[in-house]
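Following the hints, position chains B, C and D against chain A.
Spelled out, the chains give:
Protein chains: 4
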Amino acid sequence: MDELEIDAVAEVELDDPVLVEGLPGVGHVGSLAVEHLLEELEGDSTLVRRIYSHEFPPQVSVEDGVSELTCAKLHAVTVPDGRDLLLLSGDHQAQTNEGHYVLTDAFLDVAEEFGASEVYALGGVPTGELIDEYAVVGAVSDESMLEALEDVGVEFREDEPAGGIVGVSGLMLGLGERRGFEAACLMGETSGYLVDPKSARAVLEVLADRLDFDLEYESLDERADEMEDVIGKIQEMEQQQQMDVPTDDDLRYIG
Amino acid sequence: MDELEIDAVAEVELDDPVLVEGLPGVGHVGSLAVEHLLEELEGDSTLVRRIYSHEFPPQVSVEDGVSELTCAKLHAVTVPDGRDLLLLSGDHQAQTNEGHYVLTDAFLDVAEEFGASEVYALGGVPTGELIDEYAVVGAVSDESMLEALEDVGVEFREDEPAGGIVGVSGLMLGLGERRGFEAACLMGETSGYLVDPKSARAVLEVLADRLDFDLEYESLDERADEMEDVIGKIQEMEQQQQMDVPTDDDLRYIG
Amino acid sequence: MDELEIDAVAEVELDDPVLVEGLPGVGHVGSLAVEHLLEELEGDSTLVRRIYSHEFPPQVSVEDGVSELTCAKLHAVTVPDGRDLLLLSGDHQAQTNEGHYVLTDAFLDVAEEFGASEVYALGGVPTGELIDEYAVVGAVSDESMLEALEDVGVEFREDEPAGGIVGVSGLMLGLGERRGFEAACLMGETSGYLVDPKSARAVLEVLADRLDFDLEYESLDERADEMEDVIGKIQEMEQQQQMDVPTDDDLRYIG
Amino acid sequence: MDELEIDAVAEVELDDPVLVEGLPGVGHVGSLAVEHLLEELEGDSTLVRRIYSHEFPPQVSVEDGVSELTCAKLHAVTVPDGRDLLLLSGDHQAQTNEGHYVLTDAFLDVAEEFGASEVYALGGVPTGELIDEYAVVGAVSDESMLEALEDVGVEFREDEPAGGIVGVSGLMLGLGERRGFEAACLMGETSGYLVDPKSARAVLEVLADRLDFDLEYESLDERADEMEDVIGKIQEMEQQQQMDVPTDDDLRYIG
Numbered sequence: 078m079d080e081l082e083i084d085a086v087a088e089v090e091l092d093d094p095v096l097v098e099g100l101p102g103v104g105h106v107g108s109l110a111v112e113h114l115l116e117e118l119e120g121d122s123t124l125v126r127r128i129y130s131h132e133f134p135p136q137v138s139v140e141d142g143v144s145e146l147t148c149a150k151l152h153a154v155t156v157p158d159g160r161d162l163l164l165l166s167g168d169h170q171a172q173t174n175e176g177h178y179v180l181t182d183a184f185l186d187v188a189e190e191f192g193a194s195e196v197y198a199l200g201g202v203p204t205g206e207l208i209d210e211y212a213v214v215g216a217v218s219d220e221s222m223l224e225a226l227e228d229v230g231v232e233f234r235e236d237e238p239a240g241g242i243v244g245v246s247g248l249m250l251g252l253g254e255r256r257g258f259e260a261a262c263l264m265g266e267t268s269g270y271l272v273d274p275k276s277a278r279a280v281l282e283v284l285a286d287r288l289d290f291d292l293e294y295e296s297l298d299e300r301a302d303e304m305e306d307v308i309g310k311i312q313e314m315e316q317q318q319q320m321d322v323p324t325d326d327d328l329r330y331i332g
Numbered sequence: 078m079d080e081l082e083i084d085a086v087a088e089v090e091l092d093d094p095v096l097v098e099g100l101p102g103v104g105h106v107g108s109l110a111v112e113h114l115l116e117e118l119e120g121d122s123t124l125v126r127r128i129y130s131h132e133f134p135p136q137v138s139v140e141d142g143v144s145e146l147t148c149a150k151l152h153a154v155t156v157p158d159g160r161d162l163l164l165l166s167g168d169h170q171a172q173t174n175e176g177h178y179v180l181t182d183a184f185l186d187v188a189e190e191f192g193a194s195e196v197y198a199l200g201g202v203p204t205g206e207l208i209d210e211y212a213v214v215g216a217v218s219d220e221s222m223l224e225a226l227e228d229v230g231v232e233f234r235e236d237e238p239a240g241g242i243v244g245v246s247g248l249m250l251g252l253g254e255r256r257g258f259e260a261a262c263l264m265g266e267t268s269g270y271l272v273d274p275k276s277a278r279a280v281l282e283v284l285a286d287r288l289d290f291d292l293e294y295e296s297l298d299e300r301a302d303e304m305e306d307v308i309g310k311i312q313e314m315e316q317q318q319q320m321d322v323p324t325d326d327d328l329r330y331i332g
Numbered sequence: 078m079d080e081l082e083i084d085a086v087a088e089v090e091l092d093d094p095v096l097v098e099g100l101p102g103v104g105h106v107g108s109l110a111v112e113h114l115l116e117e118l119e120g121d122s123t124l125v126r127r128i129y130s131h132e133f134p135p136q137v138s139v140e141d142g143v144s145e146l147t148c149a150k151l152h153a154v155t156v157p158d159g160r161d162l163l164l165l166s167g168d169h170q171a172q173t174n175e176g177h178y179v180l181t182d183a184f185l186d187v188a189e190e191f192g193a194s195e196v197y198a199l200g201g202v203p204t205g206e207l208i209d210e211y212a213v214v215g216a217v218s219d220e221s222m223l224e225a226l227e228d229v230g231v232e233f234r235e236d237e238p239a240g241g242i243v244g245v246s247g248l249m250l251g252l253g254e255r256r257g258f259e260a261a262c263l264m265g266e267t268s269g270y271l272v273d274p275k276s277a278r279a280v281l282e283v284l285a286d287r288l289d290f291d292l293e294y295e296s297l298d299e300r301a302d303e304m305e306d307v308i309g310k311i312q313e314m315e316q317q318q319q320m321d322v323p324t325d326d327d328l329r330y331i332g
Numbered sequence: 078m079d080e081l082e083i084d085a086v087a088e089v090e091l092d093d094p095v096l097v098e099g100l101p102g103v104g105h106v107g108s109l110a111v112e113h114l115l116e117e118l119e120g121d122s123t124l125v126r127r128i129y130s131h132e133f134p135p136q137v138s139v140e141d142g143v144s145e146l147t148c149a150k151l152h153a154v155t156v157p158d159g160r161d162l163l164l165l166s167g168d169h170q171a172q173t174n175e176g177h178y179v180l181t182d183a184f185l186d187v188a189e190e191f192g193a194s195e196v197y198a199l200g201g202v203p204t205g206e207l208i209d210e211y212a213v214v215g216a217v218s219d220e221s222m223l224e225a226l227e228d229v230g231v232e233f234r235e236d237e238p239a240g241g242i243v244g245v246s247g248l249m250l251g252l253g254e255r256r257g258f259e260a261a262c263l264m265g266e267t268s269g270y271l272v273d274p275k276s277a278r279a280v281l282e283v284l285a286d287r288l289d290f291d292l293e294y295e296s297l298d299e300r301a302d303e304m305e306d307v308i309g310k311i312q313e314m315e316q317q318q319q320m321d322v323p324t325d326d327d328l329r330y331i332g
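Line by line, the protein sequences give chains A, B, C and D.
Heads up: the first sequence begins at 78 in the working numbering, then just goes up one per residue.
Heads up: the second sequence begins at 78 in the working numbering, then just goes up one per residue.
Heads up: the third sequence begins at 78 in the working numbering, then just goes up one per residue.
Heads up: the fourth sequence begins at 78 in the working numbering, then just goes up one per residue.
Hint data in this document are derived by calculation from the structure and do not stem from the laboratory.
Since we're looking at a predicted model, the values are computed, not measured.
In this text, a Cβ means the ideal position worked out from N, Cα and C, and glycines have one as well.
Be a bit skeptical, because a hint or two may be false.
Stated by the list, open to error - Derived Cβ-Cβ restraints for the label pairs, each shown as a range: (1) Leu207/A to Phe233/C: 55 to 65 Å; (2) Glu140/B to Phe233/C: 52 to 62 Å; (3) Gly240/D to Ile311/B: 19 to 29 Å; (4) Glu190/D to Ala87/B: 25 to 35 Å; (5) Glu295/D to Asp186/C: 27 to 37 Å; (6) Leu207/A to Glu235/B: 27 to 37 Å; (7) Glu190/A to Glu140/B: 54 to 64 Å; (8) Glu190/D to Asp186/C: 35 to 45 Å; (9) Asp121/C to Glu220/A: 48 to 58 Å; (10) Glu315/A to Glu140/B: 20 to 30 Å; (11) Glu190/D to Glu190/B: 56 to 66 Å; (12) Thr204/B to Met304/A: 27 to 37 Å; (13) Asp219/C to Glu80/D: 19 to 29 Å.
If we strip away everything but chain A, and leave its shape as in the complex, we get:
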């Protein structure tokens, strides 16, 4: 296998499609969002490319005993009454710094091949605390994109995210801009500790609003409810443990 191989699984004619990236990251917000899109738009979507690379971990996933080599996948989606989409998903990011450059360039190559000139990178931004109101923080490759995204509720902040944006989402902006794409990163606030379907929903609502398509959220809400149950149980266990911890008074008895 070459260092990078792009398998053409199918060909679909798209009209000015938008590339939407959702690889794993903080709170799995981006991957949850794109997986939800794939689920909801299944009837209109076709797997068009598989991208294999030495930059991915040397690994197969196994389901019901059958293996699949680590890759990224691109689905073409013809959205009824909306812009066509190219959805980028996968189980892994690149494993090296250089790999992020190599893979992002490959993703943009395919996007170009399908006629895309606009990119949305979906992800999460960690806040370090549990969230009530899920704001969506944005970054764009060009100032001209700010207004349209502010109109659908995206927040642009002076110095956020503080450390910049790392990995494929960051490079979608950085390399995208160098190659003439209009690229935006939509980051749902999330604690950073847990898989966060609510943050994914917040990001998707903004995206659907911006690209003017309809989306159901039932299955995503169910995952959010499951996560709430998990959080509840963890909190219970923590309270229980706290009650079992010896207090200063207990410790005095040791003497």
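Positioned in the frame of chain A, the structure of chains B, C and D alone reads:
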């Protein structure tokens, strides 16, 4: 030396051979299994290739003062009344992610050269606890291989191994499938804490059954007995230590 | 994107310019110094090159919502009544050993293109303690440069810096020398624990003296005052904590 | 600079020379030994090659303010009444696995260029305890070399060194053998905790005996005496500390 060098040590005509891989991994199950095959089939086997690579650690082994550069070895085995075998063994795996891709491709190149189209990657799957009944868990590159392996007792499970299969065994499936091989991974259950000859025997029994050859296990059973002795001594020491640990009552005396 | 891309943003004719490097490092001395030069000489400076590379972290910075891909920047400065300058700045160093070689060579390529044959690498040398008198320690690629720098107060010491000079500053000397540049490294003493504008000023005073140009330090002094405030607060907190720590006497009460 | 550059500093005609390698490693035994050879044979030695590489750390050393880029050096030595020598020294080993392969190949290229067909890699083998009698353990690339080395006191042991030999010394054997060199590794026993001039002397005595040249050890013995002083002081400090440690009885008083 080039990044990869394959030394042709000997040439042997094989008839539709099967590549069997057993490089070091969990519980040394795969390497124990292939070393046992080499020992038992010694009279019928010939070292045909040595594979050197920058991807191996920069290291020589030393025996009785004479050094040998780290490499992987391929032995051709003409099995009486059975399928011919190509046995892949070695002391080391690749040291980088990319190295696993590069070396697996090299191994498959040689397999192709000898006319092989079927691959068995042998290894262990860690359970985290001591094992009584040694099940063999499987994964295959193509659904069509499932039945024949189920017939010889291999278990295929819905979501196992949970994290997929990493390293050369995983890529034997993943790259093998892309290159037109039929590839299976046979993983003996093992605690994951110790070298496990019993797990290696379980894997070999399945393989011998599937490929229809006979095998003695005496020397492997002896190694298993030696390991039992080691485990016994460890457990004794642990019990002894537990008795020596000060109890809460002892600690009270400090005050 | 190729592994290395140099964008020509503008062309400026320079007369025998001096390359001054100030990438991030110990105490941010080098980057503070070059940023201050850029601020003070803004009216006379032009951004001439942006250098992008796979060796930089795969990252964009974000300001007011607009992203910028990690890069190094070269500004051409026509200094009134002084030698022309080429100022090298950026937010990141290379991420691998090899990357330092690759990027330093690229920086020297550009310097050569603009006719530079002299290089000053600015940085800090950690002392491990707070500094009163900010000495500037030097290293040069060729003995013939020692005297002129000693004349402006640079100290050359027998075995310092003890571990040599690592990263782009070190290679400016090492690779510079091999390519025929006259290269010097000017290292301001700094504790090594904090961003140190005072050390940056000490380095700049030496440089301005050597290259015979005038420089105001007001804004750098303001940053130094801000740092003094931060240090003061840290010391207060430490004293407070020390008073709260239980003494041996307190501990006896536990029994 | 290319990934590897070999500077020809001088040309010297040698008659069937022996390559002797002493890069940094366990107890600095190899580098102490080769530095001592360079010191003692200074009148007969010429620096012939400098080897620069991206595989070395990106670093300059500094002496009296003048920098030198990290490199390995080869000195040609015409030994009176003995075999000519090629001495390989330097401050650093390669920084990556692959780098060890690349650099060792480069070193052997130069050795070949000077007509060498025999290699001695000098180093230390850690024992984990202080040494009284400094044995020299050997490993050879070919069985035929064993006897001559046993005759000068080198010990060849069944399974030692247990983990094989890693780095440039190991590859001198492994790659050397593949390229037709006769290569031996001479490893002085050493605690592994300290720079060990006595172990270096033991190794040199064996080498001088094997290659039939005379060597003074005065300066090496002086360094050994200095180390003895250091060890003495450490032991004193440890004894002092041990006397200060509270005993179980002391601890009871806390309550």
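Against the structure, the hints come out as follows:
1. Leu207/A to Phe233/C: 55 to 65 Å: holds (57 Å)
2. Glu140/B to Phe233/C: 52 to 62 Å: holds (53 Å)
3. Gly240/D to Ile311/B: 19 to 29 Å: holds (23 Å)
4. Glu190/D to Ala87/B: 25 to 35 Å: With Cβ atoms ~34 Å apart, the hint holds.
5. Glu295/D to Asp186/C: 27 to 37 Å: violated (50 Å)
6. Leu207/A to Glu235/B: 27 to 37 Å: holds (33 Å)
7. Glu190/A to Glu140/B: 54 to 64 Å: holds (55 Å)
8. Glu190/D to Asp186/C: 35 to 45 Å: 31 Å Cβ-Cβ, so the 35 to 45 Å window is violated.
9. Asp121/C to Glu220/A: 48 to 58 Å: violated (27 Å)
10. Glu315/A to Glu140/B: 20 to 30 Å: violated (55 Å)
11. Glu190/D to Glu190/B: 56 to 66 Å: violated (35 Å)
12. Thr204/B to Met304/A: 27 to 37 Å: holds (28 Å)
13. Asp219/C to Glu80/D: 19 to 29 Å: holds (25 Å)
Consistency with the previously given hints fails for numbers 5, 8, 9, 10 and 11, ordered from lowest to highest.
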